[in-house]
Amino acid sequence: EAQVTQNPRYLITVTGKKLTVTCSQNMNHEYMSWYRQDPGLGLRQIYYSMNVEVTDKGDVPEGYKVSRKEKRNFPLILESPSPNQTSLYFCASSPSDRYEQYFGPGTRLTVT
Amino acid sequence: GENVEQHPSTLSVQEGDSAVIKCTYSDSASNYFPWYKQELGKRPQLIIDIRSNVGEKKDQRIAVTLNKTAKHFSLHITETQPEDSAVYFCAASESGYSTLTFGKGTMLLVSP
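Residue numbers (our numbering), protein chains in the order written: chain A, 1 to 112; chain B, 1 to 112.
Hints listed in this document are in silico derivations from the structure and should not be mistaken for laboratory results. Using N, Cα and C, we set each Cβ at its ideal position, and we do this for glycine too. No incorrect hints appear here.
Pulled a few chain B residues facing chain A out of the computed Cβ check, cut under 7 Å:
id : residue
1  : Tyr32
2  : Arg43
3  : Pro44
4  : Phe89
5  : Gly96
6  : Thr99
7  : Leu100
8  : Phe102
9  : Gly103
10 : Lys104
Using the sequences and the hints, build the whole thing.
If you want it as structure tokens, here you go:
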């Protein structure tokens, strides 16, 4: 089944404890992206990647890192999480011949 | 960077009525305008998109119009049904593979 997967789906952590949210797609898509969704603010893009080893900042990259060492994986790294990074995070991917983004199921992160 | 304003934030209609959601954008370089639907607790899904070389696109009960001169685009849903109830997001991008900026969303409620 073609899909985008994220792990974990739910995470509660403490301030300053490094964490990684994984994202993987099995559709051989070139483009991948991370978003955060907060009430009243909609979806905001954190980082995106047009292909392996190519990443670029979105609208809200501060406090996040990403890497794209393989085409299928695009992990989101929070080196020192803070409470203002409590949010619902979505990973998405799209193929090179269409702009439609396929979203993962989301990861709900709480930082205390 | 790009700024996308979306109105209204909530919209209540009776089943069978039409619904219109409007968005404005700030960056004249934007050329790609998708609309995503997000049902409660689910991931966003693309419902329709338009590129700047066309002024209107229709898919069954859904249509999108674009006015590049005025920098605004709109989503039109005709003959609304209760299953159309969801949050709708507009977005704008220079291309589908660069930064994608979303509006804050419109909660559409269709009453039977």
